[in-house]
Amino acid sequence: MLLSIRGLTKSFPGTRALDGVSFDLRAGEIHALLGENGAGKSTLIKCLTGVYERDAGEILLDGRPVAPQSTHDAQTLGIGTVYQEVNLLPNLSVAENLTFGRQPSRAGLVQTRKMRAQAEEMLSGYGLDHVNVAQSLGAYSVAVQQIVAIARAVALSGKVLILDEPTASLDSAETEMLFSVVRDLRERGLGIIFVSHFLDQVFSLTDRLTVLRNGQHIVTAETAEVSRLDLIHHMLGHELEEAEHRRHATKTAQQSVLTFDGTGRRGKIAPFDLTVSRGEVIGMAGLLGSGRTETADMLFGRTPPDSGKAHDDDGPVSLRNPREAIAAGFGYAPEDRKTDGIIGELSVRENIALALQARRGWWRPLPRAEQRELAERYIERLDIRTSGAEKPVGELSGGNQQKVVLARWLAMNPRFLILDEPTRGIDVGAHAEILRLIGEVVESGMSILLISSELDELVAASDRIIVVRDREHVAELVGEDIETDAIVRAIAASDAPAAAPAAEVAR
Amino acid sequence: MTAKALMAGVAFAALGTAASAQTVGFSQIGSESGWRAAETTVTQQEAEARGIDLRFSDAQQRQENQIAAIRSFVAQGVDAIFVAPVVATGWDSVLEEAAEAEIPVILLDRMVDSDPSLYLTAVGSDLVHEGEVAGQWLVDEVGGEECRVVELQGTTGSSPAIDRATGFRNAIEGADNIEIVRSQTGDFTRSGGKEVMESFLQAEGGGADICALYAHNDDMALGAIQAINEAGLNPGEDILIVSIDAVPDIFLAMSEGDANATVELTPNMAGPAFDALEAYMADGTMPEKFIQTDSQLYTPEDDPMGEYERRKDLGY
Amino acid sequence: MSAGIRRILPQLLTLLAVVALITAFFPSFLSVEMVDGRLVGSAIDVLKRGAPVALLAVGMTLVIATGGIDLSVGAVMAICGAAGAWAISNDYPLVAALLIALAAGLACGLWNGVLVALVGIQPIVATLILMVAGRGIAQMITEGRILTFSHDGFAFFGSGTIFGVPTPVILWLAVGILFTLLVRRTALGLLIESVGINRRASALSGVNATVLLVFVYMASGICAAVAGIVATADIRGADANNAGLWLELDAILAVVIGGTSLLGGRFSIIASLIGAMIIQAIDTGILLAGFPSEYNLVIKAGLVVIILVLQSPRLSPRISAALSRRRKEPAPAGSATEARE
Ligand SMILES: Nc1ncnc2c1ncn2[C@@H]1O[C@H](COP(=O)(O)OP(=O)(O)OP(=O)(O)O)[C@@H](O)[C@H]1O
Ligand SMILES: [Mg+2]
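Protein chains in written order, with our numbering: chain E, 1 to 507; chain L, 1001 to 1316; chain G, 2001 to 2341.
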C-alpha cells in the first residue's frame, strides 16, 4: 500500500470534521474521495499534508509513519497537492509561481531565462499555449490559475498527487487535458486522490472511491462496482429528490421588467439587446473566457457599460457601479467566491446580512436579532453545514461558503439576480436543492440570469438560453430548442469547426 | 551680484590687500531649532552693524546644499565664508577650493574633521564648560547643605548631553553634600522634561526629597517647572532649577521666581568671528584655531525681564 | 458580553503582568492619593501620559481595520497643536481655537483619505507625504519657535482635572467610548471590517468602500487633533519639532498589542486603548525604575517583543492548550516521552 491513513480524527471548535477515518491509496490508482459539502474531504487532505495538526490517527507512506508539518514537508515526501482554494501568488509571474522555491539559480541569482523555459515545459501538455509565463499570474482567469496550480503540484509529486475539486472551474476541453495528464501519472505508478462533485468524472476517471459523511468513513469500493444511485445514497444517506425540469415558459404576454438596448463595453463584450421578463430564468452558455462573466460584471456596474442604455417601466436605470445596480434591484453572486464573494473572517450571519446592511446605510443597523433570524432561516433553507451562525465563513467547507454567498443575495430579494456558476463546488444533493430554489424564487416574480458551464443545469432551469462566443452574444435558444446538443452546436459554430470541443456536461 | 560688490572684488584683487571684508557668505544648517533661528538673526544683525554685505544660504540640513553654497560663494569671490557645518566629515575638497581661491573660512558653532590649516578659525562654545558653570552655581548656592539633585539629560548619546553631564559632574566633584540621585533623558523637549520630571517627583517622595534640578537645556527645565507646579510645589524655592541655553522663555520663568539660573549658549557666534576676520584682514593677525564664546551665567539679579525683551525677537 | 471580555482578555492580562512587574520594582506604583482635590500617583500619571497615544490609537485602529495605516498622525498632532496655539495666542475665543485645531485635523484626514481612497495611493506612501511635510506646515504656523501661550482655559485640556481626574484621561476615555459606540451601535464597524478583509467582495455587496476609507482617515485626523490639543495644552506651547514625534509608531504598536491585525479586519478599540496603556506603563515604569537612559529603548523593545510573542496567533493557542492540559491532568511521567515518539 502506497499510503494508508488509520483512525484519523480532527475536531474544530463545535465540529468533529473527521472521526476515526481510515483510507488507503494504492500505487497506480486514481482514488475518488467523495461526500457532501462539509463531509470532511478537504480536512482529510489538509491533515494529510500537515496544514492541520491531526488530533489522532496515523499516516503511513510506503509503510512508514510520516508526520509532515507543512505543505512543503509533504512535497519533500513526494506528496503534491492542489487545494480547493488555489493558493498561488497573483503578483508573481506565472513562471515564478510554477517554480517557486525551486527557481534555477546561480550564485544566488535567479536565472530568469532558464526559469521561464522550465515553466513553459511544465505547462506544455495542458493546452495553455497562449499563456505568457512572464506575465503576472493575476492577469489570467481562475481557470488558468487552476491549471498552473495543477501543473505545479504534478511536477512536485513523486509518489502521491492530491487534487481537491480541480475541475470546478475548468471547461470540458481543459478537463480532458487534465485527465490525460492524470492518467499518464497513474501509468507511472503514482497514487492520485481526486475530489469532485461531478459524478460523471468520477465514473470515467477513477479506479476506486471512498465516501465520507459527517466526518465518518462510509464505504470504499471499486468504482466499476458501484451504481450511481448507490453512490448518491452513500453520500447523502437518503435518496436524491431530483429537481423536476422547469416547464420552459411560453407564457404569453410576459411582463418585461428590464430592457437593455445596445449595452456593451469595448474590449469586454460587444453591444447586445436584452429584455428581461418578470419571473424568467435566462440561461447563459459559452466557453470560459467567452464573455459570460464580462456580461455579468457589466450589467452589475462593476465594469460599467460604455454604450447603450438600460431602463425599466419607470425610466432609465443607471449602472455606473454596483451600488447603483443594487439600488435598481439587481443582485450578483460572482464566480470567484474566494476573492469576490465571501468576507472570510466575518461570521456566517454577518456575511448573509452584509448586502442588506449596505443597502440600508451604516446609520440604520440591522438589529442583531433580525440578522440572526435571517441567518438561521438561510442556514436551514440552503442546508448550510456550520456549527452555528457565528462561525467565520472562511472556516466553512468550500461548497457551504458558496451557499452563504447565495443566501446573501436571496436575502436581498432582488428583482434581477445574476448567478455566475452558482453551483460550483456544490454537492449533488445541494445542487438539486438550489435548482429547486431557483424555481421557487422565480415563481414569486424574481428574474434570474443564470451563467453556468453545466449544460444540463441550464437546460433544466432556463426559460431561454443566450449563447456567448468570442465576447459576443451569438445565439438565443427558446422553447423546444433548449437542449444540450443545440447549445453545444451554438457554442461550437465558430469559424474553426474542427476545434469543436466535446461538450462535457451532466453530473 | 551688485556692481558695488563686483567693484570691491576687483579692487581687492588689484590691490592684493584690503582694510576690511566687504562681502561674507554664510552657509547656515537650517532652522531646526529656535536657537538656530536666533543665530541666523544675530549674524545678520552683526553684519549689518559692521556694514558688511552678508550672503545667506539655508542648507535645510543637507551637506550637499552647504557644499554647493560654498562653491557658489567662491565663484562669487566673496571676502570670507562662514559655515555652520551640518556634519563633521567630508569637507576637505571644498575647503581646499576655498583655500586655493584664498578665501578665509570660519566655522561657527560646530567643528569639522578636516585639517585645521583649511580654515581660519572656529568659533564655538565649550559644552563641558557650560556644565561646569551650572554646577559651580549650584555648589555656591547651597553652601554646605545636603542637596539631592535630579538631572534631565539631553538626547541620549548626543554630544551636548554627554558634555553638559560631564561638566556638571566636574564642578560638583569636590562637594560631597551634592549628589545626583536620578538622571533620565528628556530628549531636549518640553514635553519630555515635564513627563520625566513627573516621574522624578513620584519616585522621590512627591518631590520632598529633591533639592535641585539640573536640566541640559531650558526647554526641559520649562516643562519640569510645570510638572513641579502641578504637583503643588514651588519651583525655584522648593526645588532649585538650573539649566543651560538662556532662551527667552526661561527669563520669563525667572522673573516669576520659577527658575534660578541659566547658562547662556550665545547665538552670537558671528560677533567674535567678524572680529577675528577684521583683525586678520587688517594686518594678517592669525587668530587662535578655536575661539571660545562666553558661557555667561544669568540669575534673577540680572534683570530677567530686560534679558527677555532683548531676546524675544531674535527668532527663538 | 462575555465574548467581548474574551476578546480583550489577553490585553488585560498583559497589562496586569506589566503593572505587577513595575510594582515589584517600585512598590508605591499603584498608590493613589488625593492632593488639593486632584488624584496623584504613578498610576494616574500613566493614564494621563498615555493620553496622546491612546487618542491616536482610537483612529489608528479604524484605519488599520481597513488594512491601511496612518503614518501622519504624529505630524498632524503638531499641526493641530500649532493651529490651536496660534489661535489662542491671537486672542481667539477658546471654542474657536479648539474648533480650528479640530478642523485642521479633519482636513489632514480628508487629504489622506482622498489620496488613499480616490487616487489609490498605498496608505503607507500616501500618509508618509503628510508625515514628512506636516512638521514643515506646523513650523510655518509657529514660525519655527515654541509658540507659548498663557490661557488657563486651553491649558485645562492638558493639566486640568475634572473631579480630581486629569482632563486628558477623561478625554481619551470619552473619545474611545464615543468611537466605540459610533462604530458598534451603527453598522460602521461591520462595514469597516468587511472592507478591510475583502474590499472587492464588499464593494460587490454594495458597501461604499471609498466613503468608508475617507471616513476612517478623517476619524484618525480628528483623534490626532485631540491628541495635539492635549500635548500642546500640557506644555502650554506648540512645539512643532517635537509634538507627537514618533508617536505614530507607538499608536501602531498599541493597535497591534490590542490584537488588531495589520492586514485589516476584526478590530477592537478598547483593546487598542489597553494596548496604549500597556506601552505607557512600560514607559513610566522605566522612568520610575531609574535605569540609565541608555537602557530605555532596549528594555521597552524587549518587553514589547515578549508581549507580541506571547500573543502571536501561532503561539498563544499552544500556550493556552498547554496550560489547560496541565490544569486538567497532572501529566503522567511517561506522557512526555510517548508524545515525542
Ligand atoms: N479551519 C476550520 N475551522 C473550523 N472548522 C472547519 C475548518 N475547516 C473546516 N471546518 C469544518 O469542518 C467540516 C469539514 O469541512 P471540509 O472543508 O473538510 O469539507 P469538504 O468535504 O471539503 O466540503 P466541500 O465539498 O464543501 O469542499 C465543515 O463542517 C467545516 O465547517
Ligand atoms: Mg472541500
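Honestly, I wouldn't trust all of these hints.
Calculated lysine to any residue pairs in the SDA-like style (CA-CA distance at most 25 Å, straight line) [stated by the list, open to error]:
1. Lys391/E - Pro2313/G
2. Lys391/E - Gln2311/G
3. Lys391/E - Ala2203/G
4. Lys309/E - Ala2203/G
5. Lys338/E - Ser2089/G
6. Lys338/E - Leu2263/G
7. Lys391/E - Ile2005/G
8. Lys391/E - Gly2160/G
9. Lys1312/L - Pro2313/G
No wet-lab data here; the hints were simulated from the structure.
Exercise. Compare the structure with the hints numbered earlier in the document and write down the numbers of the violated ones, lowest to highest.
Key: Hint check: 5, 8, 9 fail, others pass.
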